[in-house]
Amino acid sequence: MKPVRSVEGRAIPFGQKNVDTDVIIAAEWLKTISRDGLGKGAFESVRAKEGNVFDDPEYAGASILIAGDNFGCGSSREHAAWALDDMGIKAIIAPSFSDIFSSNAFKNGLLAIPLPQEAVDRLMEVAKTDPISIDMESMSVTTPFQDRFTFEMDPFRHQCLMDGLDEIDLTMSKSDAIEAHEARVDSAHAWHKPAIA
Amino acid sequence: MTEAKTLYEKIWDAHVVDQRDDGTALIYIDRHLVHEVTSPQAFEGLRKAGRKVRRPDLTLAVPDHNLPTTPRVDANGTKIPIADPQSAAQLEALEANAPAFGIKYIGASDKEQGIVHVIGPEQGFTLPGTTLVCGDSHTAAHGALGALAFGIGTSEVEHVLATQTLQLSRSKSMEIRVEGLLGPGISPKDLILHIIGVIGAAGGTGHVVEYRGEVFEKMSIEGRLTVSNMSIEAGARAGLIAPDETSFAYLKGRPMAPKGADWDAAVAYWKSLRTDDGAVFDKTVTIDAADVAPTVTWGTSPEDVLPVTGQVPAPESFADPSKQDAARKSLDYMGLSAGQPLTDVSVENIFIGSCTNSRIEDLRAAAKVLEGRKKADGVKWAIVVPGSGLVKAQAEAEGLDAIFKASGFEWREPGCSACLGMNPDKVPSGERCASTSNRNFVGRQGPGARTHLMSPAMAAAAAVAGKLTDVRELIG
Ligand code: SF4
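Residue numbers (this note's numbering), protein chains in the order written: chain A, 268 to 464; chain B, 14 to 489.
Hint data in this document are derived by calculation from the structure and do not stem from the laboratory.
Computed from a prediction, not measured in an experiment: that's the story for all the values here.
We put the CB at the ideal spot given by N, CA and C, even for glycine.
One thing to keep in mind: the hints can contain errors.
Below, a list of computed lysine-lysine pairs in the DSBU-like style, where the Cα atoms sit at most 35 angstroms apart [claimed, not checked]: (1) B:K480 to B:K231; (2) A:K460 to B:K61; (3) B:K284 to B:K117; (4) A:K269 to B:K117; (5) A:K441 to B:K117.
Under 10 angstroms between C-beta atoms, here's a sample of chain B residues computed to sit facing chain A [said to hold, decoys possible]: (6) L71; (7) D97; (8) F138; (9) G166; (10) A270; (11) P271; (12) Q337.
Work the whole structure out from these sequences, hints included.
See below:
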């Protein structure tokens, strides 16, 4: 995973509450073999409507999405995080996120940044005309107008994102312990491996 | 004196590779089942990072979700192509990824092919005391044999492939104690639907459930698999039933189960896998088996259950306002009205299959009801989908296929089929289905499909009557 120390750019002022995983990416998109290319299907039902923010040229190339409470609720499909990533989103700012979505976002190097509703409201305003900056070192979100909002993040996740460590790398650094466990099982339970059919 | 432990604690403790200060632990995974839908991106991730599968010998791959249940090879033995290009691509990806990473693969036209959760136990891949995962939430089924088994997401699939471990936090433990035995005509499916009705679809959240009581001791492994399979529908992470002589007899001689001296050593260990006297559960729920009737769902959550003799509830009858609202939406979606007797509800589709109820006993129970009878004229589509090629062959040897066909059912190839609207077997919008599967969510069996969950015998009875029916009247 690449380290994520900061995200800067225009933000899409979406603002909707309870955005569920079906809205982010509909079930029919689950029949895919790649993490890539799901951006096309992201927010399909929202984009079907004229004048939606996602297709507004003002926000072309935006790297941040601003949404309402309980972002990413619904199923555990990781496709939601992949779809956001594929459409170029690197961070989502919302008052709250579903647990599973935060975890899936983290596993894919996407920032899920919780901020109080007032801060989100202010950023929605700024987003219409100006870029927003997220700094992971100081854990803060700033605007060109001197706004500064700090956020919290699980220290483990924060460190993984800052250092670009993925969970697999971290686990692999424990390979001695894994090998020791395997050796223990091999000697105590010789029956343990599936017999070759 | 050693401290008394639950079965869950025993399995957990035996698999801790590394304990972290924050309470989470790196847990070793003994068995990994892989299917076509949740694995392609995991293999792609491994490839991009230049990683291998750590223990291909502990991994088993089989296609099931997308695979059509119509014949897979023609009269000359040539593969019949799959019409939907996206399904075909997912299936081809698994077929290519398994050998590329050295994983044993059971192919679409192999006689052992079937639903992941049917073939795991059937092949003896699932063993008591092991940790088992799969990228599918009904992995809980394998707990029937005393394995700690649960569903995982795609990044976790990749993590297990690469490291054979998962970083997990320990769940709470819940005991579901059933007192007494089931009445005549009442099946394990009725029992688990009743249990979900009692504890609710979120009743088991954060817990691993252990099912205890005489009824489970007397239950076959097929029945235990049905019960444990639906643990997830009560919100639980996993279900467990302690291994016993019935489990050992079921596993003995299965292709991937231990043999000879290994077998004896394994059984000796498995016998230690029981919750100790004095061990404490975080929560205990007691159910009286005498309360369990033939049970069906009326709504769009698996907790929306009633005895088939009941009436559709009025939304106002629920105390919780959010449940009232959900019930209103459910009734609207299901096309039902409050007060309607369930036995007045007609059905146009019958699905006997899924990892919940597609094993040999399930097919026997349905065939027993159907023998000498025909499906009602109003039933347009009735299919039986055996859980695996081996179940299919066994059923054919017993002549069950002939009974199904004579009563107007189609006899299909193994797969997930109409359990989820991902392959061609779908229930048409606005139509009703008496289904032996595990989820009655909005759109689960196809957009607009109306699902009533029930046991195989009850689904067979619904086929004969053309409406929801108390099977006890047919077999009485
Ligand atoms: S039968 Fe249904 S629940 Fe079972 S594995 Fe297939 S899709 Fe999942």
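Tested hints:
no.: 1; hint: B:K480 to B:K231; verdict: holds (32 angstroms)
no.: 2; hint: A:K460 to B:K61; verdict: holds (29 angstroms)
no.: 3; hint: B:K284 to B:K117; verdict: holds (29 angstroms)
no.: 4; hint: A:K269 to B:K117; verdict: holds (33 angstroms)
no.: 5; hint: A:K441 to B:K117; verdict: holds (27 angstroms)
no.: 6; hint: L71; verdict: holds (7 angstroms)
no.: 7; hint: D97; verdict: holds (8 angstroms)
no.: 8; hint: F138; verdict: holds (6 angstroms)
no.: 9; hint: G166; verdict: holds (5 angstroms)
no.: 10; hint: A270; verdict: holds (6 angstroms)
no.: 11; hint: P271; verdict: holds (4 angstroms)
no.: 12; hint: Q337; verdict: violated (19 angstroms)
Of the numbered hints given earlier, the model fails hint 12 alone.
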